[in-house]
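Q: These are the residues of each chain, in order.
Protein chains: 4
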Amino acid sequence: MIYFNCDYNEGAHEKVMERLCMTNMDQTIGYGEDEYCEQARNVIRGLCRDDSLMVQFLVGGTQANMTVIAAALKSYQGVLSADTGHINVHETGAVESTGHKVIALPAVDGKISAEQVEHAYLSHIENDSFEHEVQPKMVYISNPTELGTIYSKAELEALSQVCRTRGLYLFMDGARLGYGLTSRENDLDLEAIAKLCDVFYIGGTKVGALFGEAVVISHPALKEDFRYMIKQKGGMLAKGRLLGVQFQALLEDGLYFEISRHANELAEDIRSACRKAGYPFLVESPTNQIFVILPDDKLEELQKEYSFCYQERVDETHSAVRICTSWATSRENVQKLVDDILG
Amino acid sequence: MIYFNCDYNEGAHEKVMERLCMTNMDQTIGYGEDEYCEQARNVIRGLCRDDSLMVQFLVGGTQANMTVIAAALKSYQGVLSADTGHINVHETGAVESTGHKVIALPAVDGKISAEQVEHAYLSHIENDSFEHEVQPKMVYISNPTELGTIYSKAELEALSQVCRTRGLYLFMDGARLGYGLTSRENDLDLEAIAKLCDVFYIGGTKVGALFGEAVVISHPALKEDFRYMIKQKGGMLAKGRLLGVQFQALLEDGLYFEISRHANELAEDIRSACRKAGYPFLVESPTNQIFVILPDDKLEELQKEYSFCYQERVDETHSAVRICTSWATSRENVQKLVDDILG
Amino acid sequence: MIYFNCDYNEGAHEKVMERLCMTNMDQTIGYGEDEYCEQARNVIRGLCRDDSLMVQFLVGGTQANMTVIAAALKSYQGVLSADTGHINVHETGAVESTGHKVIALPAVDGKISAEQVEHAYLSHIENDSFEHEVQPKMVYISNPTELGTIYSKAELEALSQVCRTRGLYLFMDGARLGYGLTSRENDLDLEAIAKLCDVFYIGGTKVGALFGEAVVISHPALKEDFRYMIKQKGGMLAKGRLLGVQFQALLEDGLYFEISRHANELAEDIRSACRKAGYPFLVESPTNQIFVILPDDKLEELQKEYSFCYQERVDETHSAVRICTSWATSRENVQKLVDDILG
Amino acid sequence: MIYFNCDYNEGAHEKVMERLCMTNMDQTIGYGEDEYCEQARNVIRGLCRDDSLMVQFLVGGTQANMTVIAAALKSYQGVLSADTGHINVHETGAVESTGHKVIALPAVDGKISAEQVEHAYLSHIENDSFEHEVQPKMVYISNPTELGTIYSKAELEALSQVCRTRGLYLFMDGARLGYGLTSRENDLDLEAIAKLCDVFYIGGTKVGALFGEAVVISHPALKEDFRYMIKQKGGMLAKGRLLGVQFQALLEDGLYFEISRHANELAEDIRSACRKAGYPFLVESPTNQIFVILPDDKLEELQKEYSFCYQERVDETHSAVRICTSWATSRENVQKLVDDILG
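Protein chains in written order, with numbering that gives the first Met the number 0: chain A, 0 to 342; chain B, 0 to 342; chain C, 0 to 342; chain D, 0 to 342.
Just so you know, the hints here were simulated from the structure itself, not pulled from any lab data.
A couple of the hints might just be wrong.
Because identical chains cannot be distinguished in the list, a pair is counted as satisfied if it fits within a single copy or across any two copies.
Computed cross-link-like contacts, SDA-like style, restricted to lysine to any residue with a CA-CA straight-line distance of at most 20 angstroms [what the hints assert, rightly or not]:
| hint | residue 1 | residue 2 |
| --- | --- | --- |
| 1 | Lys335 | Gln26 |
| 2 | Lys275 | Arg260 |
| 3 | Lys73 | Val88 |
| 4 | Lys335 | Asp25 |
| 5 | Lys303 | Ile28 |
| 6 | Lys73 | His218 |
| 7 | Lys152 | Val88 |
The task is simple: from the sequences and hints, build the whole structure.
A: Okay, structure coming up:
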């Protein structure tokens, strides 16, 4: 069976593993206050061109989302999110378990707009009984989204502007950020994201690391005491240096972007094959996730050799699946899949 | 200014006040374990024709909702609700603040159907990554709904059946239950509700009491240790007998239903006047809440003397408002309003 | 049976009831934004000689405690309290249910000192792994305490000073404040308390009202959005005016203090009788609660006619009980008890 | 600087790293449902001689503690713990942040007894106002404790018996379990622990793994839906196989016990040196943690080359420190330290 069902089927990139092995018996202090973490922090600050950023490393995405959101919000405040957002549908109510409502907005291709945020804000404050409603205080977006789409610089600027005008925090979930930043349609970079968002993270788990998400905080109010939150929410790794070592390996020489580009190119090969075969897409996505609609018999045939992520039934004879490439996907497996799609 | 904006503008029915004054200097033990509460419990058990019911008295609706829901659900479980449901929009995230997601279903006229519940349940268990989603475990409905509509016996039976088949608790918010049970369209009674629901409450705050909601629990799992939850969530009234005294006054001789019927009749008078004047309704409701669409100039004129609850802008020249009658509404004020609507 | 077991056995003072009846059919807006509440707020601001105070009315003490504490603290912050404090032992973990640790300090006669607070603060910040501990951010005291003792002005000033120096909020639970302020040993008044504390409440439930606690907030950070918290925690009374009306009746002409003094005087009569009979006290308390140690046979005899609150077994032949007087206690019943103690 | 301050200064045992490298590019499904995890589960079930055990792998100790406790308790229930217990003092209120009170019992050398648990249970149920208190429902112990002491089989049997009689869950935090089970004073084994506890974990982070705790659940009620809890609390590792691979390497051939024994032996060498030098111990501990009281000048001298964990000031000229050995500690470093202690 060849797995195209997600982007975390393998371990870590060989250079990451090498670095972990090389530093394995070094003695360091714990909890992310070691030298490796500090070096990785500086690499990230350099890439974002902002020395004042706080960088904290967490193990996983749900953990990062719940910790950031719970740290930012007061008890009666909620977070605006696309209804398809990871926090709204795939985290077993982790945000709610910290006491906060996820206020879902209807997404278009996984994205929400500045206008929707402005409207939600105004609806709240113009309501006579506003104290009887959750107060919106943060906007959560993912980039790429759960549907593989990405925000343009103009869209992110518009979101950032409404958030700053209205006193909302802007938070970008970058679990797949590498695949977004190296998409051929992308016009964002880390510097712009660090400027436009109040907090975001650079995802490692799905982009070459064994695990790890680098949370980057620019808003001063969100920096305060953030490490207490990491500890309380169970996210403070004893051997924190494991995270620093991995992000250093991924980011100091551009490996992160190189392997992301690789995944996007292979995804494009699969996408082209689908187009050539006449299979439409559930959503047009320019990153490593392909949402294609296949005839059921074709799907059944492919599933003998390949694992995909089932999405939904489209009509009586068609289903949508997600096909994922990643930093670890081989050209050979993609070529074989392309042949079988076209075959 | 004459208030028609809600059904809690006045204090309590005179017979309730009399009883409170009469028992005022009696010494009783606290926390709802006194004789008055016990008598009121027995009256309610009698009306429901079920001696095994647990009855606990709480002060208000949001408190009752959050206490019941938090008592019923485990950390990773959520409650299905109409998107217009009180817990979803008017309680400042009280349910989420206890750690639970409100899973909103699109309502029709404030109601949700057995089919929607079945679909939500099946979507969850048929999902490959079901553990990554909140597990639906309770269905919350309000009767009458926030839009003044009511569930028929057939609808409630269908909901009850799917809940029992699927292991979900069925919870009815009866903040305005009196107005529902005395609606001319109603075919439910307390006995049927107690049988079909696992827990519900008989609202006092909006139907003749100073305050108070009588929570009636039939499901054994929900009875266990429920009083710990009342205390923890801040709802255990020191002088609990105040609740017992009021519900006894309201329920022992049918006063509750009599004053509810009064409100419904007056609402019908207003509704007829609106119809006669050609004003359409946002929703057809057979209880004490009237959702009428008025021309803006007419609304402006009426607002000089009357207070309504603004709902929404309908088009450039029309707005929807809620007009409420209650146990306390006088025929004189309604007649005056009818004249002014028609005038 | 004559009840001396607590100070909430009866309803409300007759003047409070009169006022509730008198205003019963007035139409007001809800949720504490009516005129009666506004007038009561102004009375309280006047008594505290501070027009900038926020005053919000809640129904009960546990509700007030959890709402204030949850509003003040961030997720990783905790509240310092006497180990005998109400929030630590008698509220079913209400504070913890909002996510916050109660950090218990060993109390002397129900009280904690400025030195203990300073020590707890320093222990935390001087700890190398401080982020692994709950951050102390609020000090909770009750006055009178659960043991009937009171804080002197000097003690409160010392607590206030350490709190302000260390950035901690000082919160006084005044569920029995009337009995404290009219104790013959007291040297505090509302003005001093409002200056020295960041938030406190004037208890009504135990001092002449049917129910109600007037939360008085002086610290600007605690005022912000406090009403959202009241609603979310289930404490926003629909007919909020019931609270305003009661506090107006109690406070505008000094009734609150008059009836508190009455209870203290009667308590002193009982205390004298105990002394005369040679019964020692578990703790010396100058307010309406008497903690006396009785021989078991004497206790058994008294319990045939009187209800007390059992405290603890002291030795093989003695037990401690709490005897409470209140605004509602009659001289006749006290005289009878005194005779029976001495008899 | 040579680190003796904790037992997580290095990465993982070389055999663990080898296995991680060897399996690195294998494709597996995520979230701990892969073959490696299944094999590790079976190894653990074999060691515990119970095929019915649920085994789930979590990343860290705080995460394991909060997830297990939150999964086990209802909202109004609390967990009994030694006052020195990790959950009570070193987890930033993680348990409270899930809504539950940690009910602290005074520990003797880090341990609590069956008598204390029985007493706490009886105090609660015999209290007239038990519903106003947190209901004790779980007992948390750590073995070894935070002070390096261990429970004997007789002590654990007594705790288990009272828990079963009183309907309490018994939970053992085994973050350092290897060091406990290989202590020369130990008479427990995994089979006994699995029988006597309802849930426990085998700590990997401090005993040879990069990270990881294997939670072993025997009580049926605690197994139900436990994976929802892992996900909700942020503990579900995408590449779950990393945990399975490590525990397989550690446990399938006894490596875990071998390296634990190594650490205990080296600790004994240090302990002997301290005894010989006349330095007393804060607590007698038979595992890898040594709590020794040193003269301040000696400590200052040692700290030039060694890092210890400062515990507390003992008197004007003495301080207590914790010296830790681990699986990774070298004989050379210990010999050098021994020489310097004696020198």
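Q: Would you mind marking each hint as holding or not holding in the structure?
A: Hints and how they fare:
1. In this assembly of identical chains, the alpha carbons of Lys335 and Gln26 lie at most 20 angstroms apart only when taken from different copies (17 angstroms versus 46 angstroms within one copy).
2. In this homomeric assembly, Lys275 and Arg260 never come within 20 angstroms of each other (Cα to Cα): the closest approach is 22 angstroms inside a single copy and 63 angstroms across copies.
3. Within a single copy, Lys73 and Val88 get their C-alpha atoms only as close as 22 angstroms, which misses the 20 angstroms cut-off; across copies the closest is 18 angstroms, which meets it.
4. When the C-alpha separation of Lys335 and Asp25 is checked against a cutoff of 20 angstroms, the pair qualifies only between copies, where the shortest distance is 18 angstroms, while the shortest distance within a copy is 43 angstroms.
5. In this homomeric assembly, Lys303 and Ile28 come within 20 angstroms of each other (Cα to Cα) only across copies, at 16 angstroms, whereas the closest approach inside a single copy is 49 angstroms.
6. In the homo-oligomer, the alpha carbons of Lys73 and His218 lie at most 20 angstroms apart both inside one protomer (16 angstroms) and across protomers (17 angstroms), since each shortest distance falls under that limit.
7. Taking the shortest alpha-carbon separations for Lys152 and Val88, neither the intra-copy value of 26 angstroms nor the inter-copy value of 33 angstroms comes in at or below 20 angstroms.
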